[in-house]
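Participant: If you're matching them up, the sequences are chains A and B in order. FYI, the numbering for the first sequence is 1 to 261, going by the numbering used here. FYI, the numbering for the second sequence is 262 to 511, going by the numbering used here.
Hint data in this document are derived by calculation from the structure and do not stem from the laboratory. All figures in this text were calculated on a predicted structure; none of them were measured in a lab. The C-beta atom is built at its ideal place from N, Cα and C for all residues, glycine as well. Watch out, some of these pointers could steer you wrong.
[Claimed, not checked] Computed Cβ-Cβ distance ranges for the label pairs, DEER-style:
1) Gly3(A) / Ala500(B): 49 to 59 Å
2) Gly48(A) / Thr263(B): 32 to 42 Å
3) Thr91(A) / Ala357(B): 38 to 48 Å
4) Val184(A) / Leu406(B): 44 to 54 Å
5) Ala392(B) / Asp51(A): 46 to 56 Å
6) Trp273(B) / Thr91(A): 27 to 37 Å
7) Gly117(A) / Val380(B): 22 to 32 Å
8) Val205(A) / Gly349(B): 23 to 33 Å
Listed here are the chains, written in short residue letters.
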Amino acid sequence: MTGGAFAAVTAAEWLKIRSVRSTVWALPVLFVLGVGLAYAVGYSFRDGFADMPREQRETFDPLFATFYGLTIAQLAAVVVGALAAGQEFSTSTIRTSFAATPRRVVFYGAKTLAVAGAVLAVSLVTVPVAFVTAQAALGPHGTSLSAADARAAVVGACLYLPLISVFALGVATALGSAARALGVLLPVLFLGSQGLGNMPQIRDVVQYLPDQAGMVLMHLDVDGDPQFGRDYGSWAASAILVAWTAFALVGGYLALRRRDV
Amino acid sequence: MTAPADVVAAEWLKARSVRSAPYTAAVVVASVVLSALWVWNVATIADGRPPDDPVTAAASGVYLVMQIVPLAAGVLGVLTITSEYATGTVRATMAAASRGRILGAKAIVVAAAGAVAAVVSLPAASVLGRAIMGDRRVNGFGEPLSELLADGLAVVVAALLGLGLGALLRSTAAAVVAVASLLFVLPGVAGALPGPWGERVGAVLLPNLPAQVGGADDAVLPGAVALAVMVAYAVVAMAAGGLSLHRRDL
Chain A
1 MTGGAFAAVT
11 AAEWLKIRSV
21 RSTVWALPVL
31 FVLGVGLAYA
41 VGYSFRDGFA
51 DMPREQRETF
61 DPLFATFYGL
71 TIAQLAAVVV
81 GALAAGQEFS
91 TSTIRTSFAA
101 TPRRVVFYGA
111 KTLAVAGAVL
121 AVSLVTVPVA
131 FVTAQAALGP
141 HGTSLSAADA
151 RAAVVGACLY
161 LPLISVFALG
171 VATALGSAAR
181 ALGVLLPVLF
191 LGSQGLGNMP
201 QIRDVVQYLP
211 DQAGMVLMHL
221 DVDGDPQFGR
231 DYGSWAASAI
241 LVAWTAFALV
251 GGYLALRRRD
261 V
Chain B
262 MTAPADVVAA
272 EWLKARSVRS
282 APYTAAVVVA
292 SVVLSALWVW
302 NVATIADGRP
312 PDDPVTAAAS
322 GVYLVMQIVP
332 LAAGVLGVLT
342 ITSEYATGTV
352 RATMAAASRG
362 RILGAKAIVV
372 AAAGAVAAVV
382 SLPAASVLGR
392 AIMGDRRVNG
402 FGEPLSELLA
412 DGLAVVVAAL
422 LGLGLGALLR
432 STAAAVVAVA
442 SLLFVLPGVA
452 GALPGPWGER
462 VGAVLLPNLP
472 AQVGGADDAV
482 LPGAVALAVM
492 VAYAVVAMAA
502 GGLSLHRRDL
């Protein structure tokens with residue numbers, strides 16, 4: 001297979017993403033939720049800042065207010081990844097796709113690339129706009145890109161969203177269904193973010209789930225806190241996330257290679 | 262015309278023989294175990310605090326059950342109808358009896374499944390939670406019987422909500438996303454809204470209704486209104502799904 005042929009398969013996958021109703025809707029939702037929540041969370045912190053206990057005011061982290069919304073907006077990225085792979089099975093277009101691209105690894109690689117590219121493009125717009133919006137809403141309590149951890153969090157968020165989307169793509173391919181993948185991923189990702197990751201008895205294990213690594217990447221954890229802190233930093237978080245994504249992709253490939261369609 | 266009881270029996274046979282049934286049962290059992298862990302966690306924190314400064318935890322014994330079981334019930338409701346569209350059996354099903362009767366039979370089956378899930382998980386988690394917590398003082402722990410009953414109703418409502426949205430959207434993925442948004446995403450969004458709006462929007466969201474039915478201190482709606490809103494979720498979703506099913510081609 002030549003590079004030109006791979007480009008053609010990728011172009012075909014890109015065409016699917018931008019012409020299927022669900023993905024066309026989900027990507028703007030990522031932007032709207034990410035930016036809208038950045039403003040809403042920032043504004044509510046600014047509004048209630050004076051009423052917060054002194055201890056909380058002193059340890060207030062503007063990055064938490066900035067990127068908390070992305071833990072909800074990531075749903076859209078997960079949906080895009082799961083649907084891009086899963087809809088092929090539920091609509092049976094997978095048969096046509098395999099007939100057109102008999103080497104399944106090429107089809108799978110092109111789809112992964114198209115999804116990663118699309119979500120990365122939306123993230124590169126969403127994350128900076130969300131950052132600026134949140135700082136405007138936070139006003140005097142905000143931060144700026146001159147802070148090293150703010151820069152790290154912005155870069156981390158831009159990488160996290162495409163990676164979690166590709167992770168979902170791998171899971172949906174492995175399970176052969178978008179619905180099954182979403183049924184597993186949505187509760188796991190949301191329960192993790194909503195507090196399961198803070199329970200001491202299971203924290204040691206749960207903190208390594210992909211969404212938890214994402215929270216470290218976006219600086220949503222609390223450094224050194226026994227409950228809300230995590231035992232690893234940004235670099236380890238990137239590695240953990242990449243490992244999860246690779247694991248899901250390989251799992252998806254092994255299932256895809258043998259699947260009768 | 263097929264007798265109504267036969268239609269219900271047919272729907273029951275489908276529900277218990279597809280693969281999602283044992284998965285749902287496993288999730289329900291797992292939720293009780295997780296709930297007990299959660300209470301244990303709160304109890305550990307409570308032990309480390311001085312007696313004059315008790316822990317405030319929004320966690321009743323059934324907190325995690327109510328995070329998990331309504332979603333499982335909702336997904337089961339969704340699959341009850343959308344898997345028929347995905348496999349094409351919907352045409353055979355709708356040929357067997359009138360569409361309204363089919364949807365009614367499905368509603369009876371998923372409501373019963375939701376009720377069973379609630380009866381299995383909620384009392385067990387509540388009793389287990391109280392046993393683990395013992396006589397520790399934790400603000401906000403424990404739920405009155407009325408709230409526990411409302412929790413059970415919320416599980417049934419979630420199952421019917423899933424069925425209604427499944428009939429309306431006819432796609433498993435879309436309906437699962439819609440149910441998950443109503444149960445997980447919107448409460449998160451409402452919590453982020455500034456000032457009184459977060460409270461107002463949050464008050465009418467399904468996960469926040471059972472506590473208000475039970476007359477929680479921070480309730481925004483009176484118990485009867487909260488109960489009516491909860492029922493309205495199921496009624497509106499089923500009406501929309503039923504109308505769509507009645508009007509559209511298969």
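Participant: Falls inside 44 to 54 Å, the C-beta gap from Val184(A) to Leu406(B)?
Facilitator: violated, 34 Å
Participant: For the pair Trp273(B) and Thr91(A), does the Cβ-Cβ distance stay inside 27 to 37 Å?
Facilitator: holds, 29 Å
Participant: Should the hint that Gly48(A) and Thr263(B) are 32 to 42 Å apart at their CB atoms be regarded as holding?
Facilitator: Cβ of Gly48(A) to Cβ of Thr263(B): about 59 Å, so the range 32 to 42 Å is violated.
Participant: CB of Gly117(A) to CB of Val380(B), is that within 22 to 32 Å?
Facilitator: violated, 49 Å
Participant: The hint says 23 to 33 Å between Val205(A) and Gly349(B); measuring C-beta to C-beta, is that right?
Facilitator: Between Val205(A) and Gly349(B), where Cβ atoms are some 42 Å apart, the hint is violated.
Participant: Is 38 to 48 Å a correct range for the gap between the Cβ atoms of Thr91(A) and Ala357(B)?
Facilitator: Given a distance of about 26 Å, which is not inside 38 to 48 Å, the answer is violated.
Participant: Is the gap between the beta carbons of Ala392(B) and Asp51(A) within 46 to 56 Å?
Facilitator: Violated, since Ala392(B) and Asp51(A) (Cβ atoms, about 37 Å apart) do not stay within the stated range.
Participant: Take the C-beta atom of Gly3(A) and the C-beta atom of Ala500(B), compute their distance, and say whether it sits inside 49 to 59 Å.
Facilitator: holds, 55 Å
Of the numbered hints stated above, those contradicted by the structure are hints 2, 3, 4, 5, 7 and 8, listed in ascending order.
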